[in-house]
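**Q** Read off the chains here:
There are 6 protein chains.
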Amino acid sequence: MFRGFILFPNDKVKGLVGSKVQIEMKGEKSTLEGILEIADEYLNLHLMNTTEIVDGKKVRALGSVLVRGNNIILVNPVNE
Amino acid sequence: MFRGFILFPNDKVKGLVGSKVQIEMKGEKSTLEGILEIADEYLNLHLMNTTEIVDGKKVRALGSVLVRGNNIILVNPVNE
Amino acid sequence: MFRGFILFPNDKVKGLVGSKVQIEMKGEKSTLEGILEIADEYLNLHLMNTTEIVDGKKVRALGSVLVRGNNIILVNPVNE
Amino acid sequence: MFRGFILFPNDKVKGLVGSKVQIEMKGEKSTLEGILEIADEYLNLHLMNTTEIVDGKKVRALGSVLVRGNNIILVNPVNE
Amino acid sequence: MFRGFILFPNDKVKGLVGSKVQIEMKGEKSTLEGILEIADEYLNLHLMNTTEIVDGKKVRALGSVLVRGNNIILVNPVNE
Amino acid sequence: MFRGFILFPNDKVKGLVGSKVQIEMKGEKSTLEGILEIADEYLNLHLMNTTEIVDGKKVRALGSVLVRGNNIILVNPVNE
Chain A
0 MFRGFILFPN
10 DKVKGLVGSK
20 VQIEMKGEKS
30 TLEGILEIAD
40 EYLNLHLMNT
50 TEIVDGKKVR
60 ALGSVLVRGN
70 NIILVNPVNE
Chain B
0 MFRGFILFPN
10 DKVKGLVGSK
20 VQIEMKGEKS
30 TLEGILEIAD
40 EYLNLHLMNT
50 TEIVDGKKVR
60 ALGSVLVRGN
70 NIILVNPVNE
Chain C
0 MFRGFILFPN
10 DKVKGLVGSK
20 VQIEMKGEKS
30 TLEGILEIAD
40 EYLNLHLMNT
50 TEIVDGKKVR
60 ALGSVLVRGN
70 NIILVNPVNE
Chain D
0 MFRGFILFPN
10 DKVKGLVGSK
20 VQIEMKGEKS
30 TLEGILEIAD
40 EYLNLHLMNT
50 TEIVDGKKVR
60 ALGSVLVRGN
70 NIILVNPVNE
Chain E
0 MFRGFILFPN
10 DKVKGLVGSK
20 VQIEMKGEKS
30 TLEGILEIAD
40 EYLNLHLMNT
50 TEIVDGKKVR
60 ALGSVLVRGN
70 NIILVNPVNE
Chain F
0 MFRGFILFPN
10 DKVKGLVGSK
20 VQIEMKGEKS
30 TLEGILEIAD
40 EYLNLHLMNT
50 TEIVDGKKVR
60 ALGSVLVRGN
70 NIILVNPVNE
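If you read the sequences in order, they're chains A, B, C, D, E and F. Numbering that gives the first Met the number 0 puts the first sequence at residues 0 to 79. Numbering that gives the first Met the number 0 puts the second sequence at residues 0 to 79. Numbering that gives the first Met the number 0 puts the third sequence at residues 0 to 79. Numbering that gives the first Met the number 0 puts the fourth sequence at residues 0 to 79. Numbering that gives the first Met the number 0 puts the fifth sequence at residues 0 to 79. Numbering that gives the first Met the number 0 puts the sixth sequence at residues 0 to 79.
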């Protein structure tokens, strides 16, 4: 239907696999930070070594986390 | 349309069936904890022995619960 | 596209038709309780004899109610 | 894909066309009341003679209103 | 799949193109008012000469604005 | 299914690629401002040189940001 129109995650999110990313979720005050293990075309993500960050401080270690793409506000690569 | 691109739940969520998981839902302060009985490709879940957790304390036993995938913020496996 | 992968409502929600269920909705403090008359694959529901429950008390009789599936947080069967 | 499984609005919502309904919307304190003119399969609605109701009182006449189905919490027929 | 069932925007929203409309958005206190330039089948809208209205007063001129359909609560034609 | 009906982002959002835009997100008090690098048909966006704006002041530099389309309230081109 949109031939020639590249869907978003294929070219941008895939390039972030293996990198550290910060995720802001809808209606959540905290940010998730983790290594992006895999993503699908709906921006559903699997993060490893995930930590929950509030006001710039790590408040909780979550480890392996599945994140539902439709509730993601934004994905921000962390430059290290 | 995305041949070669594996959808999220097939390889990650399926591996959690039979395990204890914690679920954070959109706009809810409480967390659900239960045994993942089944999941579909939209992250719709059926949990057994579900309890509602607020501030780390079990406040309510819900038993069998169907959870709507699009309102899930994240799924976190519980290591026991 | 997901042959062999059974969608959620077909095997779980259908088994609840005719039973009393409690429904928690996104962004609502109240819970709906009613007899599940029918459900479709998106978890859209038709409830009969529906009552609205706040803090465990029935506050309003709604009768026949159509509920939009994407705004459901969870469905909890009521054991009587 | 779901042959034999009747989608929700076709048999329930269509039966309400021409009747007065109350609509509760996500994140809104007010309720909409109007005559259901037409509905589509996503529960998108066209209401006529719509009024906005807060705490049981009509506070605003809106007339013709298009309502986005995914933001509807529930549809409640008004018995007159 | 729904032959004979006309989708919502085709017959209703299209009739509003070129007219002034008010848009209520999910989780927003303000209302958008503008000339409807174009709409697609998901109620995604392009408004021209858009102003933001709070408590009946124009507080901001936004000009050309793209509005995401799934976050629209309702569309209300403005009779002038 | 909607032949002859042009989907929203193809003709409007594509025209904004390379320009500075402001994005209002659902449930967020801040606005994002950045250069639109790419958009897909769901209004998923990739912004470059992104800054977060609160009450008209730039409060944070985010750089490269992926934004989930379904959580966008509106896109507003910035005239410079």
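Be careful, since some hints might not be right.
Note that identical chains are pooled: a pair holds if it fits in a single copy or bridges any two copies.
[As the list claims (entries may be wrong)] Quick list of in silico lysine to any residue cross-link-like pairs, SDA-like style, CA-CA up to 20 Å:
id, residue 1, residue 2
1, Lys19, Asp54
2, Lys13, Glu36
3, Lys13, Ile52
4, Lys13, Ala60
5, Lys19, Thr30
6, Lys19, Ser63
7, Lys57, Ile37
8, Lys28, Val16
9, Lys28, Asp10
10, Lys13, Glu51
11, Lys56, Asn78
12, Lys25, Asp10
13, Lys13, Pro76
14, Lys56, Glu40
15, Lys19, Val58
16, Lys28, Ser18
17, Lys57, Asn75
18, Lys28, Glu40
19, Lys13, Ser29
20, Lys25, Glu51
21, Lys13, Gly26
Since the hints were derived computationally from the structure, they do not count as laboratory data. Nothing here was measured: the structure is a model prediction, and the numbers come from that model.
**Q** Next step is simple, just say for each hint if it's right about the structure.
**A** Status of each hint after checking the structure:
no., hint, in the structure
1, Lys19 x Asp54, "within (18 Å within a copy, 28 Å between copies)"
2, Lys13 x Glu36, "both (10 Å within a copy, 16 Å between copies)"
3, Lys13 x Ile52, "neither (24 Å within a copy, 28 Å between copies)"
4, Lys13 x Ala60, "neither (25 Å within a copy, 23 Å between copies)"
5, Lys19 x Thr30, "within (13 Å within a copy, 24 Å between copies)"
6, Lys19 x Ser63, "both (13 Å within a copy, 13 Å between copies)"
7, Lys57 x Ile37, "neither (23 Å within a copy, 32 Å between copies)"
8, Lys28 x Val16, "neither (25 Å within a copy, 29 Å between copies)"
9, Lys28 x Asp10, "neither (29 Å within a copy, 29 Å between copies)"
10, Lys13 x Glu51, "neither (23 Å within a copy, 24 Å between copies)"
11, Lys56 x Asn78, "within (17 Å within a copy, 24 Å between copies)"
12, Lys25 x Asp10, "neither (24 Å within a copy, 25 Å between copies)"
13, Lys13 x Pro76, "within (12 Å within a copy, 24 Å between copies)"
14, Lys56 x Glu40, "neither (30 Å within a copy, 34 Å between copies)"
15, Lys19 x Val58, "within (17 Å within a copy, 22 Å between copies)"
16, Lys28 x Ser18, "neither (23 Å within a copy, 28 Å between copies)"
17, Lys57 x Asn75, "both (17 Å within a copy, 17 Å between copies)"
18, Lys28 x Glu40, "neither (25 Å within a copy, 28 Å between copies)"
19, Lys13 x Ser29, "neither (24 Å within a copy, 27 Å between copies)"
20, Lys25 x Glu51, "both (14 Å within a copy, 16 Å between copies)"
21, Lys13 x Gly26, "neither (26 Å within a copy, 27 Å between copies)"
When held up to the earlier numbered hints, the structure conflicts with 3, 4, 7, 8, 9, 10, 12, 14, 16, 18, 19, 21 and fits the remainder.
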